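Undergrad: All chains should be built: construct the whole structure from the sequences, respecting the hints.
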Amino acid sequence: MNLSAFSIRTILCSIIALMGLFAFILAMFSGSINEELIFNNQRAMVTEMIRVMTHEQLNHLSDDSKDLGLSLQSNPEFKQAIKAGDKALLLKMLNNQFHQYFVTAGIIKLEQLALFDADFKLLVEATEGSVSFKQQQQICPQLFDIAKKRTGSQRMVILQGLCKYQIRPIHTVVVPVGGLKIQGYIMVMTDFTHNLERIESSLSIPLTFRLPNNDAVYMSPNWPSKEGDSLISHYELKTSTGLPLLSIFASQNIIELTHSLKQSYIHVLIISCAGTLFIILLSLVTLHKTMLKPLNQLVNKFRSLRAKHDRMGEQLELTGTKEIHEIMGGFNELSTKLNSLYQSLEHMAYTDSLTKLPNRHQFQESLASNIQVHQQINRTFTLLLMDLNRFKEVNDTYGHNVGDELLKEVSLRLHNTLRDDDIVTQLSADSFSKLNENIVARLGGDEFSAILTDIHTAADAKVVAEKIVLAMKKPACVGGHELNIGLSIGIALYPKDAGNAHDLVSHADKAMYKAKKMDCNYFIYESE
Amino acid sequence: MSESTKKTTGYALNLFLITLSISITHAEPVIDVPDKIPGTTLIYSEDVIDLNESVPNLLIIDSRISSDRKHGYIEGSVNLPDIETDCKKLANIITTKKSPVLFYCNGIKCGRSGEAAIIALQCGYTNIYWFRGGFEEWKSKNFPFIKP
Chain A
0 MNLSAFSIRT
10 ILCSIIALMG
20 LFAFILAMFS
30 GSINEELIFN
40 NQRAMVTEMI
50 RVMTHEQLNH
60 LSDDSKDLGL
70 SLQSNPEFKQ
80 AIKAGDKALL
90 LKMLNNQFHQ
100 YFVTAGIIKL
110 EQLALFDADF
120 KLLVEATEGS
130 VSFKQQQQIC
140 PQLFDIAKKR
150 TGSQRMVILQ
160 GLCKYQIRPI
170 HTVVVPVGGL
180 KIQGYIMVMT
190 DFTHNLERIE
200 SSLSIPLTFR
210 LPNNDAVYMS
220 PNWPSKEGDS
230 LISHYELKTS
240 TGLPLLSIFA
250 SQNIIELTHS
260 LKQSYIHVLI
270 ISCAGTLFII
280 LLSLVTLHKT
290 MLKPLNQLVN
300 KFRSLRAKHD
310 RMGEQLELTG
320 TKEIHEIMGG
330 FNELSTKLNS
340 LYQSLEHMAY
350 TDSLTKLPNR
360 HQFQESLASN
370 IQVHQQINRT
380 FTLLLMDLNR
390 FKEVNDTYGH
400 NVGDELLKEV
410 SLRLHNTLRD
420 DDIVTQLSAD
430 SFSKLNENIV
440 ARLGGDEFSA
450 ILTDIHTAAD
460 AKVVAEKIVL
470 AMKKPACVGG
480 HELNIGLSIG
490 IALYPKDAGN
500 AHDLVSHADK
510 AMYKAKKMDC
520 NYFIYESE
Chain B
0 MSESTKKTTG
10 YALNLFLITL
20 SISITHAEPV
30 IDVPDKIPGT
40 TLIYSEDVID
50 LNESVPNLLI
60 IDSRISSDRK
70 HGYIEGSVNL
80 PDIETDCKKL
90 ANIITTKKSP
100 VLFYCNGIKC
110 GRSGEAAIIA
120 LQCGYTNIYW
130 FRGGFEEWKS
140 KNFPFIKP
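Read top to bottom, the protein sequences are chains A and B.
First residue of the first sequence: 0, per numbering that gives the first Met the number 0; consecutive thereafter.
First residue of the second sequence: 0, per numbering that gives the first Met the number 0; consecutive thereafter.
Derived from the structure by calculation, the hints contain no laboratory data.
Since the model is a prediction, treat every value here as computed from it, not as a measurement.
Label-pair distances were calculated between CB atoms; the ranges are:
(1) A:Ala215 with B:Asp34: 52 to 62 Å
(2) B:Pro55 with A:Ser203: 55 to 65 Å
(3) B:Cys86 with A:Asn94: 41 to 51 Å
(4) B:Lys88 with A:Tyr100: 29 to 39 Å
(5) B:Lys108 with A:Ala104: 25 to 35 Å
(6) B:Asp31 with A:Gly151: 25 to 35 Å
(7) A:Ala215 with B:Pro33: 56 to 66 Å
(8) B:Thr95 with A:Ile145: 35 to 45 Å
(9) A:Leu36 with B:Pro33: 54 to 64 Å
(10) A:Gly151 with B:Cys86: 28 to 38 Å
The beta carbon of each residue, even a glycine, is placed where N, CA and C say it ideally should be.
TA: So this is what it looks like as structure tokens:
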């Protein structure tokens, strides 16, 4: 990804917005995770309550079945019938139990009563339910085996357990008969789902009991038709050997819970959104103050520098963080150094190193500028081109050092003459922007020029030329030599003599050569 | 002893008895039931069943009062509350001084069977079994009993 295409503000704002979005998504997900956790806890709580109450009911059932067995075996008539082996009477007594207290009071739902001898041989059985011991020899094979294998005092222990007959869940209690001298066993088999139905009223939650094949053996009349608004908890009851026996389902109406969860979820979302927005704003404000604003200043300064060189050297106000301070301080330092370097370079580029007068480059720029300005204001200015007479001879005779010194003397006299008259001002460091002012320049070798913006007529130009000639009249003492300075001046006026720089220079040049040829010090260009 | 002295002594005795009854009513009853009684054999529920098979003519005596017995009792046991137990009544139901006899009551907090066993010891019975855990232990181990 090319990050250079984006500003730091865009990147930071994007990162903060992404963080905000992440926080929002996190809040949303944590809301649903929280909801799921609450539902799971609710399910686990109800399942545990069902487990506890189921075992409580089964304990009650065990006690009730045991009581039934004990009360039966305590009956003297029953004892007598066992002793006498009167199966008919025993059967009658067993059958009677289906119409007595424990059954008629709805305490237990008796499925079968069976009487065995001490060796577990079936003597009689009574049933009014669908379970028949004759059809299926072993209703509770595990319990039966345990009971048979016992020895000594253990044979007297009352056994109980959960079994599966075909697919139906059965609760069985084995009560020894005959007191300390065992004469047999009564097996009390009950449908315990009847007892488990009581859990529903205790918990006030609709219940459904399903067999392992998913057949419902009990379904509460209040069981919801639509399970979407309900939280279903499930507890599986197993036999002692771990076989699934009965699944107990509880349905909790969670409309109110869901509603309150949604409300709290919305509150959390609003708070998190507001918090995130606040943090985003705070971050943006902080970033703006500490980084973005100072960086923008820096960027703007760079842009302005690129656009205008004269703004180089301007300083930035130090703001922002420590690092930004350091960058801005560095920028200010660099800007100062660059400005100094630039000015020195500029000076070198526009100044003649020997005479310190503006060079040809600056002259050309100044001329072009003056033409532009004077064209706009429709005014006249004068161009002088000057050349020393027999300068080559000076060089050849006295050497280049003397020649250079002579040039410096000529420059000084030209400058003084034109300055004295307030005609020419030497280009100052900042005069680059004031190109319409007078200028005297060294064009190279012994050639000089002057742009006189205040001279509008040939007559005035002539006066200036004579002043220059006069200034040069006095011999120059250079290197111990006394040298006469001869100067030829060519004069051309803008726009009278030429409308452009090239022609104006060319005409002034022609005039200068004419003056040199005619040995008349100066000549004003005349069109042929 | 004069009549007035008798009266005063009577009042004092009455006052003492009233105070005693109040203190008994308000204080937790402390029954000092020993862990074992020398001269008797301490047994548990399983031993009761085993003894019944191995020792012929074992007599099981329920030393509880009749109201307690209504909650159930070990089949074959004879009810003789400890407060009614004496040598004569024991002699009526136990064949000889060497005959095996077992005492039980409600449980370890019930001192009746211990009291009765001590009386039997004092009466000269030599084959005494004390089922200290009593009916509470019997029921907790899921052994059958008679429900009157």
